[in-house]
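Trainee: Please take these sequences and the hints and turn them into a complete structure.
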Amino acid sequence: MKRVITTVVFFALLIILWATLTGDLLRFGIGPEEPVWNPYVLPPPSVVGQYLWDNLINLKLLSAMGVTLQRLLIGYIIGLVLGVPLGMLAARFKCINDTLGVLALGLQALPSVCWVPLACIWFGQTEAALLFVVIMGTLWSVLLSTQNGMKNVPPIYARAARTMGSGPLHTLIFVTLPASAPFVVSGMKQGWAFAWRSLMAAEIYVSVVGGFGIGQYLHFGRELQRMYQVIGIMFIIILVGLLADKLLFSPVEAWLHRRWGTDKE
Amino acid sequence: MQEKTKQEIQEFPTAKLSVEHVYKDFKTKRGTVRALEDASLTINEGEFVCFVGPSGCGKSTLLNIIAGLEKPDQGKALIDGVPITGPGRDRMMMFQEHALFPWLDVIGNVMFGLKQKPNLNNKERLEVAKYYLYLVKMDKFAHANIHELSGGMRQRVALARSLAPNPKILLMDEPFSALDAMTREQLYGDIQDIWEKRRKTIVFVTHNVRESVCLGSRVILFSPHPGRVRKEFRVELPRPRNINNHDLADIAREITAELKGYQNAAESD
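Quick mapping for you: the protein sequence lines, in order, are chains A and B.
Using this note's numbering, read the first sequence as starting at 1 and increasing by one per residue.
Using this note's numbering, read the second sequence as starting at 1 and increasing by one per residue.
Cut-off 25 angstroms, straight-line C-alpha distance, at most; resulting in silico cross-link-like pairs (DMTMM-like, lysine to aspartate or glutamate):
no.	chain 1	residue 1	chain 2	residue 2
1	A	Lys151	B	Glu97
2	A	Lys151	B	Asp105
3	B	Lys4	B	Asp90
4	B	Lys29	A	Asp98
5	B	Lys231	B	Glu45
6	B	Lys6	B	Asp190
7	A	Lys94	B	Glu70
8	A	Lys151	B	Glu70
9	B	Lys231	B	Asp25
10	B	Lys140	B	Asp105
11	B	Lys231	B	Asp73
12	B	Lys76	B	Glu47
Chain A regions said to be covered by chain B (calculated; three or more residues, Cβ under 8 angstroms):
no.	stretch
13	160-169
14	172-184
15	251-261
Read the hints as simulated data drawn from the structure, not as lab findings.
Keep in mind the model is a prediction, meaning the values are calculated, not measured.
We put the beta carbon where it would ideally sit given N, CA and C, even for glycine.
Mentor: Set out below in structure tokens:
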């Protein structure tokens, strides 16, 4: 509880500082007469809040979030569906490791926003271009961590399973895969973070006819010199990222830690 | 308890094991090591046999061959006259490390092998699993996570997991060597008790001579470099045996002297 209060107080102070420097608190006689930054450089929190409130009420931001999350989920799931089995294959077969594994290692080092120019040429200004970028962001890290996880499974588990009558496929699905779950889940989490970053970058670059996502709002905020919009959207991006982490991954990780006995307390 | 479950636990399958002229080499970076040379032995139905010898004597290799995890280069291992070609449900193995699956709870681990046993439905399997947990005195911990258990408790669960599919033969590879002395003594009692109740053929590998005399009806001595089957001792002491018993210590001393003789001979070569 004490730690929660510490966190809340810290953020409250940050916002108060921001409000003071941008002239939001002048009506209470607090802060410099002239705001340190012009509102078009750094808008005060009240303006950002007003923008968010108005656009949440008229559902514009919610529908943009819907568009973005749909892209994110589809791309992410395709990335997982490809990445996990390919990672398993790469762990199992040397020749796949020496080919696809090395390719994955190389491409993982490439920020997926670098794919945007190619994606635009290959797919045009379409949903497919965005999906492609998201998949490129997710796939490689999921593939590599699955492979790594499978390689780190103690061989005794497979031996034990074989003596209990498990065939190779049964062992793979019911022993090696669950045994590597801590690695696979952290790979999925990293993949999610990469997917989210890739999609934001892609949406800023690619304005699609199919629908306005969050990233595109940020882009137009820049075009129209509306920094309050840019900052508001940045808040939403942070919020979505945090929520996904807390809602999707934290419970799974907590379960894994309890089961494996790897939690710190 | 369901009729089928009772039937399942009241069955006592057991088998005769024979090993005929088995050779096994391992290739290492420094050349070929002969792990087993012309190993032959027979183990009767329901017998409790211990393999004892220093490291490198091929006792674990022979156990792995019987388990079907490794193949002999020459010779063969047979169960009731049928050659062993791979692992099978008729032989369950217990390892030095517990090898329990951390992603499953205790009962989930015991169920793992059972799930692959046909002719039982899941309810019956669960009853069978619970019976074996009760047999190893772990029934109160059915839903505990593996990491919450002590070393001794883990090996008990591993024992229940190996017993649950009702194998004919139980193979144990130094299962108690990582435990403290107190826990081990308790498990000596338990395993003898379970052997008398379940009448399995048990092959138990150890480098601890006293342990082998305490548990085995017959102790088979191995010598290293190359691994060979050298001699066997029949242990006729009454059960349950206590490892601190004097007669037991005497036999152990005799076996130790014999093993030392092999070692000295090997060193003077």
